[in-house]
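Student: Mind docking chains E, U, D, Y and F on chain B? Use the hints.
Protein chains: 6
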Amino acid sequence: MSPGERLINAITLEYYQRIGILEKNAAPLHTTATERGETMGNRLEEFREYRTRMNDRIFKIDHLGIKRFFNLDTTAYNDGALDGKTKELLGLAASAVLRCNDCIDYHLLQCVEAGWKDEELYDALNVSLIVGGSIVIPHLRHAVETIDLLRAEKAGSE
Amino acid sequence: MSPGERLINAITLEYYQRIGILEKNAAPLHTTATERGETMGNRLEEFREYRTRMNDRIFKIDHLGIKRFFNLDTTAYNDGALDGKTKELLGLAASAVLRCNDCIDYHLLQCVEAGWKDEELYDALNVSLIVGGSIVIPHLRHAVETIDLLRAEKAGSE
Amino acid sequence: MSPGERLINAITLEYYQRIGILEKNAAPLHTTATERGETMGNRLEEFREYRTRMNDRIFKIDHLGIKRFFNLDTTAYNDGALDGKTKELLGLAASAVLRCNDCIDYHLLQCVEAGWKDEELYDALNVSLIVGGSIVIPHLRHAVETIDLLRAEKAGSE
Amino acid sequence: MSPGERLINAITLEYYQRIGILEKNAAPLHTTATERGETMGNRLEEFREYRTRMNDRIFKIDHLGIKRFFNLDTTAYNDGALDGKTKELLGLAASAVLRCNDCIDYHLLQCVEAGWKDEELYDALNVSLIVGGSIVIPHLRHAVETIDLLRAEKAGSE
Amino acid sequence: MSPGERLINAITLEYYQRIGILEKNAAPLHTTATERGETMGNRLEEFREYRTRMNDRIFKIDHLGIKRFFNLDTTAYNDGALDGKTKELLGLAASAVLRCNDCIDYHLLQCVEAGWKDEELYDALNVSLIVGGSIVIPHLRHAVETIDLLRAEKAGSE
Amino acid sequence: MSPGERLINAITLEYYQRIGILEKNAAPLHTTATERGETMGNRLEEFREYRTRMNDRIFKIDHLGIKRFFNLDTTAYNDGALDGKTKELLGLAASAVLRCNDCIDYHLLQCVEAGWKDEELYDALNVSLIVGGSIVIPHLRHAVETIDLLRAEKAGSE
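Protein chains in written order, with this note's numbering: chain B, 485 to 642; chain E, 485 to 642; chain U, 485 to 642; chain D, 485 to 642; chain Y, 485 to 642; chain F, 485 to 642.
Here chain B stands alone, though its shape is the one from the complex:
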C-alpha cells in the first residue's frame, strides 16, 4: 500500500466511522495481508479486498435496482442450460474483448476455481485476441500475469 493509498484509507475510514458504516475501532481499510503479518499478498489480494469493501459499501447504499442487478449478475453464472464452468469462460472472453482488467481478474479467479487449466485459458484468450485485435494485447499481458499469480498463490498455500 502506497502512502497515497494509506491516506485515502485514513480519510474514508474516518468518514465511514462518522456515517456509521464502520465501527469506531475498525482496522484500517485496505491493509494488505503482508501488513497484517501474513505471508502471502499481492495485487490480486488487494483487488479482492477492494472489491469486497466497495461491494459492501454499495450494498449499504441500498438501491433496489443496483442490488437486483448484482444479484442477477451472480446468478447468470450458475449452472443452467450451460454449466457454470462454461459460462465463466464466456465471461472471461467477453471481459477481454471489452478490455476491463478488473473483470478479467474476477473471471480468471472464477475460471481457475471452476477447474479450467492454463492452456485452456490461453486458448480462450486467443479467441479474444483475434476478435478484439492488438488493442487487447495489454490486457492479455495482464491476464497472463494474473494466471501466474493465481498459480503462485495456490502453490504457496499447498
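One or more hints might be untrue.
No copy labels: a pair is met if it fits in one copy or bridges any two.
Claimed, not checked - Calculated lysine to aspartate or glutamate pairs in the EDC-like style (CA-CA distance at most 16 Å, straight line):
(1) 569 with 637
(2) 638 with 563
(3) 551 with 632
(4) 544 with 629
(5) 544 with 637
(6) 544 with 632
(7) 551 with 603
Honestly, the hints are just simulated from the structure, not real lab data.
These numbers were taken from a predicted model, which means no experiment stands behind them.
Tutor: Below, chains E, U, D, Y and F alone, put in the same frame as chain B:
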C-alpha cells in the same frame, strides 16, 4: 433484393467485369435463392452470399497481412486446448458484447453447425446481456431471430 | 416492407406457427400500417412492430435471467430519487455515446412521451456529441430525423 | 429507394414543408439520381444525399454548440503541421477501428479525393484490422465495396 | 506520491524548466497537499492537480483545434435549453457507460458542486449500470468511492 | 517501484524460478533503472520493462495462434504500399480513439523513433480528439506527458 441493391449489383458487376474479377457472362451479383428459382431464401442467405462475394473480392486484393489475418481468424476456432465447439460459443459471446450483428450471425451459423442447442445459445446470450447491458438488447433480438431462421431453414430442408 | 422482408416474414411466420408461437390464421408479421390500409406508417412504426414481435418471442423463450433483466431495465426508468423523465434523458445520452440507433429511437419515444421539448433533446444530444465526438454524428442525424418523425406523427394524429 | 423509404420521404417532406424547412413545391426527398433520370446512382449517392439533407436539417436547428462542433470537425482535416491528405487517412483508420460505416464512407470519399491509391487504402485498413481485430472484418468488406463503387463511379464519369 | 511518481516529476520538472514552461525555482510538480503541509489530500486532489498541470501543458502547445475543442467542451455544460445541472448529470451517465474513471470523477465533482444529492447520483449511476451492464461495475465502485471522498472532503472543510 | 509492486515481483520471481522461466539467481523483476543505479528512469522505462517481461512470458506459453498474431502485429507496421512511418501514425490515431494508454505509449515510442515531430503528433492527436470526443481527453493528457518524457529522455541521453 431491393431496387437499390439491384442497382449496386449492376454497377459493381460491370466494374468487376472490367477489372477482370468476374467473367463477362457472370450471373448478376447478389441474386437471392428465390430469384434464382429456389424455394428457400432469407436475410441469412443474403448475408452468406455477400460475405462470400466480398471475401473473394478481398482475397483478390492480395494484401499479405489481410490474408494472414483471415487465415489466423479461421484457425482460432479449430480444436486446440479447447475444442472448436466451445470456442465458437466464445466467439458468439464476444461478438454479442461488441454488438456486431454480422459477427453474431456468423458465429450462430457455426454454433448451430457445431451442435449447440437453442437453450444453450440463449444461456450464452444471457451472459452477454448481463456483461454488456441493455445496449445489447437490439442484438439479442437479432440473434434470436437468426436462431429461428436457422431452425426454419433446417426444418425446410429436411 | 421490401420483398426481402416480406420473405423473412413468410418463413418465420410459418415456423412460428409450426412451433406454436403464432395462431395458424395469424396476420403476416411485419405488415406496416400502410399495408393494413392505415394512413400513417414509417420506420418508427416498423421499429415498434419489430421490437414488440421480438420481445414477445424472447418472452416465449422463458429464460429467467433474460426476463429478469428486461424487468430491471423497465424499472430503472421509473420515478425514484430522480424522476422518470430525467432518467429517460440519461438513457438517451448514454445510448447516443454508445452509438445504438435502436436504443436512441426507444429513448426518444420515451422522452417525447415524458414531455421533453425538441430544444431540450437537441441540448442533450449536444452533450453526447461533445463526449463521444464526430463518430456520434451519424447517430445525431438519425436522432434528429426520429424527432421529426415523432412530431410529424403527432401532428398527423391530432 | 424502397417503398418504405419513399413513405418516410412523403411524411417528412410534408412535415418539413409545414414547419417551413422546405418549399411547398420541393422535389421529393431522397430521390436517387436514377429516379431523376440520371444514369449513375448507388448507395454512395444515397449516403451523400441523406448526409446533405440531414446536415441541412441540423443546421436549421441552430444549436450553437452543434454548429461549432461541425465546424471544428471540418477544420481538423485542413492542412496544418500534417497535411490534410494524411489526416484524412488518420480519420479513416480511426473510423474503421470504431466500426462506423458512415464514417468510413465519408473518409473514403475524402481519401480518394485527396489522391490516396487503392493499395494505400488497403494498407491503412490492414492497420485498423490488426488493431481492432476480426470484429472489424464486416467493416473491411464494406470499405472495400465502397472503394470499388467510388472507382466505378469515376470510371463511369470519365 | 510514490517514489516513481516523484521521479517522473523530477524529470519533467527539469525538462519543463529547460523549455521554459516552468520557472527555474518552481516547486516540484505533483506535490500533494499533505506534502505541502496541508491536512487534506487524497486521490481526488492528485487528480485535480494532474488535470490542471496537463491542461496547462496542453494549452501551451497552442494547437488551435485542441484549444477550441476544450472551449466547446466547457460551454456544452452551461445553461441552455437544459440547465447546466442537468447536463452535468448527462455527462456523468455518458462517462459511466463509456467506462472512463477520470471523466466520471470530473463529472462527479461538477455534479456535487451543482447540488445533486448522493441518492440522485446513485440513481443516475443505476441507469448507466443497466445500459452498460456488469462491465460498468468496477467504475460504479470507483464512482461510489469518489462520492464518499467528496463528502469526506466537504465534511473536513466545514 | 512501490512496496506492493516489489511484493508482486518477489512472488512471481519465485514462481517463475520454480517453473523454470527464470534462473535461480535472476535479478528481481521490475527493478527500475534508478534502483539499478542508473540515472534515467520513469514510467516509460517501467512500461518498456513490463512489456518486455510479459511478452517474453507470453512467448514461453508457446500458443501458435498468439505467436502468429504478435508476428502479424509487428509486420503490419513495416514499409508496404504505405511507409512504416505513416502506419505508426495510423496506429497512434487508432489507439487514441480506442482509449488505450499502453497502446498510445507504444505507438508514440515508434512515432518518435520514426521521426515524427511534436507538432505533427499533436495534429494527429487532434484528429483523434475530434473523432473520439472529450472522452479522449484523459488519454490526450497522457499522450502529451509521454511525448514530454520521450523528449526529456532524449535530451538527457545526448
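Student: Now tell me if each hint is right for this structure.
Tutor: Outcome of the hint check:
Proximity of residue 569 to residue 637 under the C-alpha cut-off of 16 Å is found in neither arrangement, the shortest distances being 21 Å within a copy and 32 Å between copies. Proximity of residue 638 and residue 563 under a CA criterion of 16 Å is satisfied in neither setting, with 25 Å inside one chain copy and 29 Å between copies. Taking identical chains as interchangeable, the C-alpha atoms of residue 551 and residue 632 are never at most 16 Å apart, the minima being 33 Å within one chain and 19 Å between chains. Taking identical chains as interchangeable, the C-alpha atoms of residue 544 and residue 629 lie at most 16 Å apart only when they sit on different chains, with a minimum of 13 Å there against 33 Å within one chain.
For the homomeric pair residue 544 and residue 637, neither the shortest alpha-carbon distance inside one copy (31 Å) nor that between copies (20 Å) is at most 16 Å. In this homomeric assembly, residue 544 and residue 632 come within 16 Å of each other (Cα to Cα) only across copies, at 13 Å, whereas the closest approach inside a single copy is 34 Å. In this homomeric assembly, residue 551 and residue 603 come within 16 Å of each other (Cα to Cα) only across copies, at 14 Å, whereas the closest approach inside a single copy is 35 Å.
The structure is inconsistent with the numbered hints 1, 2, 3, 5, although it conforms to all the rest.
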